[in-house]
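Sequences listed follow chains E and W, in order. All residue numbers for the first sequence refer to this note's numbering, where the first residue is 2 and numbers rise by one. All residue numbers for the second sequence refer to this note's numbering, where the first residue is 291 and numbers rise by one.
These are computed hints drawn from the structure, not numbers from a lab. Just so it is clear, CB atoms sit at the ideal spot from N, CA and C, and this is done for glycine as well. One or more hints might be untrue.
A short, non-exhaustive set of chain W residues, derived as facing chain E with CB atoms under 10 Å [as the list claims (entries may be wrong)]:
hint, residue
1, L354
2, E419
3, I430
4, Y508
5, L510
6, F515
7, L517
Some chain E residues well away from chain W (every beta-carbon gap over 10 Å; in silico) [said to hold, decoys possible]:
hint, residue
8, L83
9, E118
10, R202
11, P332
12, S487
13, S529
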Amino acid sequence: MKTKIKHVLKGVILLYLLINFTSSDAQIVDDTNKLSLTLKDGTQVVLYGEASSLSDRKSKNYYYLPVSLRLGAKPDKTPEFLFLKYITEEKEANGGIGGALLHMLMEWGLTPKQQKEVEQILAKGEQGARKKSKLKGALDVKPDGDKSLRIISATLTDGKLAPSVVQSLSAPVLPGSKVAVASNLSANGAQLLAATFEKTRSITDLSIEMGFKYTTRIPAAKGRVIVNWSEVKKHFERDYAKYEEVRGKKKRGGLFGGIADALFGKRTEVKSRSYDEVRSVIDHMVEKEYIKVDFDENIADDRVTKIREAFFDFFLQKMTESGDSDVLTPPTEKEKAAMPNIKYGKKYTYNRRFFESSFKKKTETYYLNYRLAVEKPFTLTANLASWYNGVKNNKKCVGTVLMNDKFFTHRDINMILDLEAKEMFDKEVNYVTVNVKKERKSGKHFNAYTTIDKEHLKDSGLKATISYARGNDKSSEVYQYQTQWSLKGGNIYPKDPEWQEGSWQSITLFPPIVPRTIEFEADLEELSALGVVRATLLLRYYKFGEEVETNVPLTVSKDEPLVEKMIFTDRNTQGYAYQLVLTHKEKGKMALGWDDKINDDYIYASIPQELKDDDPDYLDKIIEAGKVILKPGADGKVSKAASILDKFKDVIGIVKN
Amino acid sequence: MKSFIHYSIQILLILLYLGSNAQVLDARKEFSIVLSDSTQLKVFKKAGSFDEVSDEYYSLPSHLKFSVNQKKEPEFSFLTYSDRGGSQSGILHFLMSWGLSLSQRKEVQTALEKIVGEDARFMGSIVPELDNTYNTLQIIGSSPLVDILSESATAIGRVPTFSNSKTACSFKLDHNDTETLKTAIADNTEDLKTLFLSMNFIIKFKGKHRAGIYDENYQLKTNLFELLNN
Numbered sequence: 002m003k004t005k006i007k008h009v010l011k012g013v014i015l016l017y018l019l020i021n022f023t024s025s026d027a028q029i030v031d032d033t034n035k036l037s038l039t040l041k042d043g044t045q046v047v048l049y050g051e052a053s054s055l056s057d058r059k060s061k062n063y064y065y066l067p068v069s070l071r072l073g074a075k076p077d078k079t080p081e082f083l084f085l086k087y088i089t090e091e092k093e094a095n096g097g098i099g100g101a102l103l104h105m106l107m108e109w110g111l112t113p114k115q116q117k118e119v120e121q122i123l124a125k126g127e128q129g130a131r132k133k134s135k136l137k138g139a140l141d142v143k144p145d146g147d148k149s150l151r152i153i154s155a156t157l158t159d160g161k162l163a164p165s166v167v168q169s170l171s172a173p174v175l176p177g178s179k180v181a182v183a184s185n186l187s188a189n190g191a192q193l194l195a196a197t198f199e200k201t202r203s204i205t206d207l208s209i210e211m212g213f214k215y216t217t218r219i220p221a222a223k224g225r226v227i228v229n230w231s232e233v234k235k236h237f238e239r240d241y242a243k244y245e246e247v248r249g250k251k252k253r254g255g256l257f258g259g260i261a262d263a264l265f266g267k268r269t270e271v272k273s274r275s276y277d278e279v280r281s282v283i284d285h286m287v288e289k290e291y292i293k294v295d296f297d298e299n300i301a302d303d304r305v306t307k308i309r310e311a312f313f314d315f316f317l318q319k320m321t322e323s324g325d326s327d328v329l330t331p332p333t334e335k336e337k338a339a340m341p342n343i344k345y346g347k348k349y350t351y352n353r354r355f356f357e358s359s360f361k362k363k364t365e366t367y368y369l370n371y372r373l374a375v376e377k378p379f380t381l382t383a384n385l386a387s388w389y390n391g392v393k394n395n396k397k398c399v400g401t402v403l404m405n406d407k408f409f410t411h412r413d414i415n416m417i418l419d420l421e422a423k424e425m426f427d428k429e430v431n432y433v434t435v436n437v438k439k440e441r442k443s444g445k446h447f448n449a450y451t452t453i454d455k456e457h458l459k460d461s462g463l464k465a466t467i468s469y470a471r472g473n474d475k476s477s478e479v480y481q482y483q484t485q486w487s488l489k490g491g492n493i494y495p496k497d498p499e500w501q502e503g504s505w506q507s508i509t510l511f512p513p514i515v516p517r518t519i520e521f522e523a524d525l526e527e528l529s530a531l532g533v534v535r536a537t538l539l540l541r542y543y544k545f546g547e548e549v550e551t552n553v554p555l556t557v558s559k560d561e562p563l564v565e566k567m568i569f570t571d572r573n574t575q576g577y578a579y580q581l582v583l584t585h586k587e588k589g590k591m592a593l594g595w596d597d598k599i600n601d602d603y604i605y606a607s608i609p610q611e612l613k614d615d616d617p618d619y620l621d622k623i624i625e626a627g628k629v630i631l632k633p634g635a636d637g638k639v640s641k642a643a644s645i646l647d648k649f650k651d652v653i654g655i656v657k658n
Numbered sequence: 291m292k293s294f295i296h297y298s299i300q301i302l303l304i305l306l307y308l309g310s311n312a313q314v315l316d317a318r319k320e321f322s323i324v325l326s327d328s329t330q331l332k333v334f335k336k337a338g339s340f341d342e343v344s345d346e347y348y349s350l351p352s353h354l355k356f357s358v359n360q361k362k363e364p365e366f367s368f369l370t371y372s373d374r375g376g377s378q379s380g381i382l383h384f385l386m387s388w389g390l391s392l393s394q395r396k397e398v399q400t401a402l403e404k405i406v407g408e409d410a411r412f413m414g415s416i417v418p419e420l421d422n423t424y425n426t427l428q429i430i431g432s433s434p435l436v437d438i439l440s441e442s443a444t445a446i447g448r449v450p451t452f453s454n455s456k457t458a459c460s461f462k463l464d465h466n467d468t469e470t471l472k473t474a475i476a477d478n479t480e481d482l483k484t485l486f487l488s489m490n491f492i493i494k495f496k497g498k499h500r501a502g503i504y505d506e507n508y509q510l511k512t513n514l515f516e517l518l519n520n
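Bound-form chain E, shown alone (with noise of 0.2 Å):
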């Protein structure tokens, strides 16, 4: 007779099957039921059928593995790519840019029409499937590892041509779900690039790896364990007759001496066996074939022996009843080895009913059918020239543009300080503040201003610049600049500048005051002969528009005939006046008289000749103009009494502006 306790292992099953099915939530298919189909167009698509639950029957149903990675798609059916080279009209030394923009978004899955061809070949019962079978949609998927979307590109993997990749790390594990990869490329990656899918070439240097994995179910191991019961009770019964002939009444020994006493003999006799005693019985049931272990298995030998062990362990709970020793003592190696957390050995007594029971049966046949949700990765790779010759026409795809939109310029008012000047920020100049502003219509006007020092010289120069956004503005009008001098002393000049207008090229940036350098010679044997020990020169000029003098002696005991001297004039002027004061060693003080001077800064000491003759007249009127000179302020300014540049206005200030 053959008896199926499949309800027992139908339990276990369904109980693994519940473990599975709740610890992952996606679908999961018939590792033995899948098909290849290839499509018209070229495309191959491998698809899996539903796993059937507690049953090796093939469903109809079938999952497809991801598919068709390509270009997402707007609503309008454009292409979601883009790649835009862009150039500036500067140089890059001068600030301009120049590279591409790539951009895409992508997804898989089939599209319509071969979902439709996929239906009807399964409906059909083409290319290996059978007729009336279904497409229930895509497989359920999910990333491999954390980076699950790789790009694969010597262009964009180089950090020159390509100086940043933003990409979506996560292959998409729906149909139709976006992942984008974006870059911007130097001017050589987008070349490159470009040169790869703009010329007639097979691929791109650019190709997509999605990463999946998928879970399917696989016939892990199956198994069928027959007990012939029947050999069994024959060989105790056999070992019973031939015990009886020899040794009467006494226990029985031997293998199954235990199982007898149990079976046959009196039932307070029964005695505890051990864990390896019992184990022992049962390797010889199976030696000897009444019990018979078929197991087929597609996984490793080891997981196998673990099964047996559960087989053996099912039998021992079936056959014997349990108890601890009345010694507690170490378990054996075996018992161990099966119950790795027992402490103590324990003993075993057969199960009389159990025997009498399997007796009846005859045979009993157990099956096992071990089926296991397992992932497995599979990866989707393609390149963007399969996608690229459909867009490159696309001028909303492909395309250029020259970055020469006004709104986005910038320019620089430079101001330039005069050479001249950087001199003068030693002795003379402390700083000069420029105010600029460019009145723009939309009503935001642009005002600012920066100021040149000492340190600004020292570190960056003669040049100043103040950058100004062109952005809505199309007045054609410049700027007007105002520029304010601090001057030693605690000057300002002016005290109200006025607004200039300015220059795109650059303003130069005088200050109000020019240098000259005055050198004074005289013949000191001729000064001498004369009894003259000192010739002074008096200059008078304007200074930030007032009237001041500077004095420069040349002593003739110190035997040098030429004394300079840098006095600072007013820009708008273009001379001085002059006079020479002569100090006789007993004559006094001998004032020659005043003139001017245009644009030369040498002046000799010229004795009249009226001097030389010793004329008294001439003598007594230098003599008498020795006596009024009148010495000016401290900081050489000049009281308006003792003003005389107004009688040379028209040499000096002529020029005035």
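Given chain E, work out where chain W should sit, using these hints.
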């Protein structure tokens, strides 16, 4: 019974975590079939179980090649370029796949029927397991080009376990390497014959030498000469 269920579940859970399985082939049922392109294909019968007889046959991974685009052009590109200074560099990019074409599958089916009978069903290439030690395309061989490509690789794709699925590789070569590869390709030199591109798999067999299931490492490789000239 509770105990049995307990043990069984334990084992099942062990299996669950250890498990990664593929089709199992019967090592005793091996057939060699020569296709019309002169390639020799190894075909195995699927390993049956104690209560079933299989008539399914699978081939080992074969026909490693540059994949083709929709225009049937090989997906291989070697682009050399010069910068403004005249220095030349190169970018190499190719896609590869393995597996039989539809016509080759039909050819194998016909051959199998002649060998083992009309009941034989050729199911195509096996879906092997990945060899996790080498899960990307390998560049191997004694050719000096091996070092050049290995060092200039910027990305190497994963080995596909499904026939006719693709994998991609890209390389950026410097001036000297570009010249070497360019010359080798232009002159079809011997160096191309000793550079192999390979994919490594694990195939599960049953029967023959060992009891139970055992894993066999399987390497599918083709030299660059054949890839470029076929």
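(request) Classify the hint on F515/W as holds or violated, based on whether any CB of chain E lies nearer than 10 Å to its CB. (result) Constraint on F515/W not satisfied, violated at 19 Å.
(message) Under 10 Å is the threshold here; is the Cβ of L517/W close enough to any Cβ of chain E for the hint to stand?
(response) Not OK, violated: L517/W not within 10 Å of chain E, min 14 Å.
(message) If we take the beta carbon of R202/E, is the closest beta carbon in chain W still more than 10 Å away?
(response) violated (5 Å)
(message) Checking hints one by one. Is E419/W an interface residue toward chain E, by the C-beta closer than 10 Å rule?
(response) holds (9 Å)
(message) If we take the beta carbon of S487/E, is the closest beta carbon in chain W still more than 10 Å away?
(response) holds (51 Å)
(request) Could you check if L510/W really has its C-beta closer than 10 Å to a C-beta on chain E? (result) For L510/W, the interface hint is violated, since the closest Cβ of chain E sits about 16 Å away, which is over 10 Å.
(message) According to the definition I'm using, a residue is off the interface if its beta carbon is farther than 10 Å from all beta carbons of the partner; does E118/E meet that for chain W?
(response) holds (15 Å)
(request) Using 10 Å as the Cβ threshold, decide whether L354/W counts as touching chain E. (result) Violated, about 15 Å.
(request) Against chain W, does L83/E hold up as non-interface, every C-beta pair farther apart than 10 Å? (result) holds (21 Å)
(message) Under 10 Å is the threshold here; is the Cβ of Y508/W close enough to any Cβ of chain E for the hint to stand?
(response) violated (17 Å)
(message) Please verify that the nearest CB of chain W lies beyond 10 Å from P332/E's CB.
(response) Label holds. Min Cβ-Cβ 16 Å, cutoff 10 Å.
(message) Checking a non-interface call: every C-beta of chain W should be farther than 10 Å from the C-beta of S529/E. Is that right?
(response) Holds, since 76 Å exceeds 10 Å.
In summary, the structure is inconsistent with hints 1, 3, 4, 5, 6, 7, 10 from the numbered list given earlier, while agreeing with the others.
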